[in-house]
Amino acid sequence: MAVPTALRFVEAQALAYRRVWRASVFSNFLNPVLYLLAMGASLGTLVDANADPSGFGVPYLVWLGPGLLAAQAMTTGIGEGAFPVMAGLKWRKTYHLVLQTPLAAADVLSSILLWIGIRVLQVSATYAFILVLFGVTDAVGALTGALIATLTGIAYAAPMVAFTIGLQDETGLTNVFRFGVVPMFLFSGTFFPITQLPSLVQPIAWLIPLWHGVELNRAAMISAPTTFPWVVSIAYLVVVAAVGAWWATRRFERRLVL
Amino acid sequence: MSEILVEARGLTKLFDDFVAVEAIDFEIRRGEVFGFLGPNGAGKSSTMRMIGATSPASAGSLTVFGLDPATDGRAIRARLGVVPQEDMLDEELTVTDNLIIYGRYFDLPRSVLRPRVEELLAFAQLTEKRDARVESLSGGMKRRLAIARALVSDPELVILDEPTTGLDPQARHTLWDRLYRLKQRGATLIITTHYMDEAEQLCDRLVVMDGGRIVDEGSPADLIARHATPEVLEIRLNVDDHAEHASQVEGIGARVEVLADRILLYVEHADTALLAVRDRGIIPAASVKRRASLEDVFLHLTGRTLVD
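These protein sequences, in sequence, are chains A and B.
When you line the first sequence up against this note's numbering, it's residues 1 to 258, in that order.
When you line the second sequence up against this note's numbering, it's residues 1 to 308, in that order.
Hints should not be assumed to be uniformly reliable.
[To be verified] Per the computed footprint, the stretches of chain B lying under chain A, defined by three or more beta-carbons under 8 Å from a beta-carbon of chain A, are:
1. 72 to 78
2. 86 to 94
3. 103 to 112
Read the hints as simulated data drawn from the structure, not as lab findings.
Every residue gets a Cβ at the ideal spot worked out from N, C-alpha and C, and that includes glycine.
Please construct the entire structure, taking both the sequences and the accompanying hints into account.
Below, the structure is given as structure tokens:
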């Protein structure tokens, strides 16, 4: 059976990933464990002695876990849409090469996003499994959480791929991490509820995809109440991902099909 | 005459206001080695990318295998093998993996690819390097690997954009030998080059390009017969400006061309011409007698040398 052209570039990316998979899998495990121990267990005892950020009486570690999973999905999505894309575009020129084959720009783009989806799912599933080990959630919660986190990751990856494709060099990428990822990581309700923010600023947080991802994950994994109905948050993430994918395809064609 | 594989009429490529290719016509038939000869910036690569269905034409018509690249790009690319100017190999993967993964873009199953890759490794003289990472290969080996990669899909037409640029003379000769074998097997090749010896050795037919236009076309022998005499006498004088002295040798041959460092006389017999020069009392500091080449064709057509 013929493999559709839209999927044919996935295998090459998996082959390229093979050379870093050990380091990658190691950090997939280590990162969550360190965060959960430091922020959840250690800082958590201080928090639990003084406040109840969940508002419904679960320990800080349990409340924090689903948020960290969503944040990890965001960083993975952005990371996979940054340097690997720059490599395909400029360093290894794989994208230029692939366009000489039966694949077209849209095929390459769909394969790139699919592969990023697989990577985010891999990272999120590992994270969710560790959350089960820490007693944060059960198997069903972990599975749903991993899937929602993957959607969150793609909602970041798609516009990030588009952004990277427009860059001439990698300095723009470090700025995304410095001015984009770090503030979103800190102020999207991962570590404290956004109700702690000044009320004027709170609507800004509603625009951040990560905040929706965090809300959805908490709902799915620890049955926390949500600010908006969950379909609103899902729809928002889907729209951001779709617009990002459309923008990425357009920029890819403009840059590579001259 | 065999089937036409590529046909261009008024083919034009614009980049904003810059005209890279200006209304060129050509046709390439199955089984021939067709060359695009011209200096850097002549529009050769832009033409290759249009034929390769990776760059849309700005005006004019182009068909490849009778298909339109604008609408049937995928189908055309599925039947093409392309050796790009930059090798674009994955340096961190092995030689074999580079070939296999490229074949997968054409949806060839691994069972088909494995024996074919073995054959291609032998053809590219890379069998011993099959498990080496590409970064450890020499420039000539990388280029041979890029050619093997273009052949993985068993293409009907192979496009080679400046296949030997940047290689040392020995590597160039090895590569020419490989391309000559491909030609003997009946492959259809399109080669761009700014080396006239390459064009002369490999091409059945070629077009000479300059400034985005085709200035003439024919077989290497036809072009030489049309634009040059059988032999060329090159003389170097002990003077600052050769142009001032060109009139002194006027009339000895069919034509005189003046370069910065020498004068070229287009003649029937270089030996007789050198005697005639001496008879006029001119004693050259150095002289070279040679057969006319495509370099002379290019000089006659454009007034410039190919490789500055």
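Quick rundown of the hints versus the structure:
{"no.": "1", "hint": "72 to 78", "result": "holds (count 5)"}
{"no.": "2", "hint": "86 to 94", "result": "holds (count 6)"}
{"no.": "3", "hint": "103 to 112", "result": "holds (count 4)"}
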